[in-house]
Each structure stands twice: as C-alpha cells, then as structure tokens.
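Chains as they are written, first to last, in our numbering: chain A, 1 to 136; chain B, 1 to 344.
Keep in mind the hints are simulated off the structure, nothing from the lab.
Careful: at least some of the hints might be erroneous.
[Unchecked claim] Derived DSS-like pairs (lysine-lysine); straight-line CA-CA distance at most 27 Å:
#1 K38/A x K272/B
#2 K50/A x K272/B
#3 K2/A x K272/B
#4 K105/A x K231/B
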Amino acid sequence: MKIYDGRYVISGLIVFIALATFPVWFNRGKVSPSPEPKLDTPAILEMVQKKCVLAKDEMRIGHMRLLDQWRTEVVRNGRRIYTGMDGKIHEMSFQNECLKCHSNKTTFCDTCHRYVGLSSSTPYCWTCHIAPREND
Amino acid sequence: MNFIISLMAVLALVVAAFLGIEAAGLSRVFGVAIPYAAFILLISGVVYRVLNWASSPVPFRIPTTAGQQKTLPWIKRDRFDNPCNKIEVLGRFIMEVLFFRSLFRNTRAEVDKGPTLYYQWEKWLWLGGLALHYSLLVIILRHLRFFAEPVPSFVPVLGGMDGFLQVGLPGIYVSDAVFMIAVTYLLLRRLIIPRIRYISIPADYLPLSLILAIGVTGILLRYFTRVDLLKVKQLAIGLINFQCVVPEGIGTLFYIHLFLVCTLIAYFPFSKLIHAGGIFFSPTMNLPNDSRMRRHVNPWDYPVEVQTYVEYEERFREKMIEAGLPVAKDIAAGGPAIYSLTKK
Chain A
1 MKIYDGRYVI SGLIVFIALA TFPVWFNRGK VSPSPEPKLD TPAILEMVQK
51 KCVLAKDEMR IGHMRLLDQW RTEVVRNGRR IYTGMDGKIH EMSFQNECLK
101 CHSNKTTFCD TCHRYVGLSS STPYCWTCHI APREND
Chain B
1 MNFIISLMAV LALVVAAFLG IEAAGLSRVF GVAIPYAAFI LLISGVVYRV
51 LNWASSPVPF RIPTTAGQQK TLPWIKRDRF DNPCNKIEVL GRFIMEVLFF
101 RSLFRNTRAE VDKGPTLYYQ WEKWLWLGGL ALHYSLLVII LRHLRFFAEP
151 VPSFVPVLGG MDGFLQVGLP GIYVSDAVFM IAVTYLLLRR LIIPRIRYIS
201 IPADYLPLSL ILAIGVTGIL LRYFTRVDLL KVKQLAIGLI NFQCVVPEGI
251 GTLFYIHLFL VCTLIAYFPF SKLIHAGGIF FSPTMNLPND SRMRRHVNPW
301 DYPVEVQTYV EYEERFREKM IEAGLPVAKD IAAGGPAIYS LTKK
C-alpha cells in the first residue's frame, strides 16, 4: 500500500496519537495515592465523639451542597440553627462552626481540591471568608 | 423512525451498563476492560481510516474555487477562497477548522409563493455547530483534571473561567449549558425541518443521541446525584498508568456515563464523526488551485503511443491528396511547412 503525501499524513497521525495519549506521557506512570484530608487539629483531637454534622461519606461528596444550603438559609432566610444527623444543634456558620474543627485549610480542604483540579478561586469560600491561621 | 432506532440503541447501551453493574457487578469490565478496548479501537480505527484515505491517489487539482483565481497582477484575487500555494491552503484550512468558514456561507433555498427561488440568510447551523464543537473541546479539556496528576495548570484556570457565573455548588459550567443547548438544537433541526428529516438516517441521529445521553448523565453526575471525585480520579489515574484499581461505590450512573463515552470513542473512527480527520483529506479543500501554473501529469496514465498530426500527415499525405482531403503542407510549394488548417 503506497501512502501519498506520507510526510503530512504520518506527522498528522503522530500529532493525533500524541494528543490522544496526552495523560499517559504526562503522568509517566507515576501513581500518586489519592489524598487523605487530615483530621488531627487540636479541636478534633479534643472531641469525645468525632462526628461532623453529617456522616463522613455524606460530607465527602455533599459538603459543597450543604454549605450552599447553609449560605441560603443564613443570608436569605436568616435562620442559623441546623440540626445534625444525630439531633445535635449546630450554628450554621462556616467561619465559626466548620473552621472551628477544620482549622487546617492546607491539609484538609486544599489536598482534595487540588487533587481534583479545582482552581484556587473555584471553591469561592475564601473570597469572603478568612482562611484559618495555621501554625505550620 | 430513524431517530427512534438510534434512541433505542442508546437506551440499550444505558440498560446494558445498568444491568452490568447492578445485576452482574461487572465493575471491572465496565471500569477497566471496556475503556481500554474502546481506546485501542479509537487509535487503531483512526490510523486505519487515515492510511486508507492516504493510499488513494489524487493526481489532479480539484479544489473548490470560491473566489477569483490568481491571474494578471492588476486583477484582485482571493487568497483563501482560491489558494494557489501551500501557505494559502494552510490559511484556508485554519479558517475552516477553527471557524467552519464554509458552513458560514450556508444559505437556505426556498420557493416561497410562486416560481421565484429565494436564498435566505441561514447561520443557525453554523452557530450551533460551532457552539457544539467548542463546548465539547472545553468539556474534554476540563476532564483532564481526572486523568492527569498533577493537574496541568491550565485546567483549573479553564474550569474557573467556565464556572465564572458562580451559580450553585458545584458551580454551573457555561460550557455544559452551551453544549446541551447546541446538541438539542442540532437534534431538533433534524427532527423538525422536513427536508433534513428526509435525508437523516440512524447514523445521523446516533452520534447526536449518544452525546446528548453523555451530556445528560454527566450533568446528573455533577449537579444532581453525587459522585466521589476522589474515587473517580483513582480509577482514571489507574487506567492511565496501567495499574488499575476499581474503587468500591462510585455509583452506577458513573459507569453508564463512562460506558456511553467508551461507545462514542470506539464508534468514532467508523462513523461520520471521523470527519475530524476526514476534513484534512478533502481534495476540494487541501489542494492549491495551481492547474494553470504547473502541469500535473497523471503518473498512472497507461503509456499510450501517440502520433502528432504532423507525423500523421507526413505518413498519409499522398493518400490524403488522392482522396481529396485538405493537407496542411503544400507539396507543390516545397517550402517550409505552414500548418494553417484554415480553409482557403
């Protein structure tokens, strides 16, 4: 089989294959383990029952929605009381409630957010909220 | 009917993935084997189609000429609608591939009340096509965040720009909305306009139905149901590095989405979707119009013995004169041959 204009055809195919396999040669076989957000802040270590407002798996995949609901409830409806999964009362406040325990933004929030490729401004929490001061 | 067939095919794929995960628990098949098989089909299929096209000779120049050819210096010519060298062809290609220029010229012909044929302004197909292709590009690039670790720096930037509306959490991507609108428009166009419906076959509806289903499952995954992105990325990174892990509990909807995407990329080289590569092999697009500058000899011409008229007359002159046929060279004159075939 003769290939006409082989120069162009072959270089086109090489470009196509290079683009299609971009992640393969970009990663170069490095398997980085998926990050584990750290739960070792002083506030959490002091807790007897280490529980968030919802179950861990719920929070993992639904925290952004919960925060969005809280925002709406507080800012638009003026309600600040949230009843957690075990009937515990929480104040709907990102700054005072969430960050009280999770005071480690870089080792808690950022690990996963960076791993799944969110931009620094995409979880736009920090455009209004003040990031907790971290010692390390 | 044609649409129903393609819709049924897509539904069958959805049901197959659903049953495969829910009933048979084949998460390794749908999470590992099928993606690999689909990717191999994509690459080998594209290479096969391209080499197949490249093995067809195109000896002569047959470009579409939509403008003034290069001619006398004082006649204004159209560089990109009638290119005469490779650079201009490249320019024409760039405008075609990036902006769908030939589609922009689309008009609608209509005989409206009477014998007059009207050509009407019709840019919606161009706009819909452009919106679909560019939103698809953005969506594909955004998905790199699952396949690359560390995530290339342009991906979060793109995601941030795409989600600039900051509506809801996870935020709405503009490209998702544009994509769904464009696909729906292109599908409705085929279904509603009678002439286009008439020429549409299942192979026209299937890619549209498939990407519509992919869009719907993707939107469900992102905005409505929940999926653990860490597990998704673990799976994707495992596939990329050939060290497959199939995390538990990703959810059936994710596998349906993945299976539809795998079907699309496996189907890509063997369907109309290969126009992505085929456009570069359009002889009406990739050839410079230089027929009047260079002589193009067909290398596959059978070597035929040819005889010029002069040789022919030299051979048969006497017989021609006998038969009373006009000859070009006057024998009686004996002078230089004046091959003027005008009648005296």
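Practice task
Verify the proposed pairing of K38/A with K272/B, using a straight-line Cα cut of 27 Å.
Solution key: violated, 50 Å
Exercise for the section: Assess, step by step, whether the Cα of K2/A is no farther than 27 Å from the Cα of K272/B, and give holds or violated. Expected result: holds, 25 Å
Practice task
Measure nothing beyond the straight line between the CA atoms of K105/A and K231/B; if it is 27 Å or shorter, mark the hint as holding.
Solution key: Between K105/A and K231/B the Cα gap is close to 21 Å, so the pair holds against 27 Å.
Exercise for the section: For the pair supplied as a hint, K50/A and K272/B, confirm whether the alpha-carbon distance does not exceed 27 Å. Expected result: Given that 27 Å is the threshold and the Cα spacing comes to 56 Å, the pair is violated.
Violation of the numbered hints given earlier is confined to hints 1 and 2; the remaining hints are satisfied by the structure.
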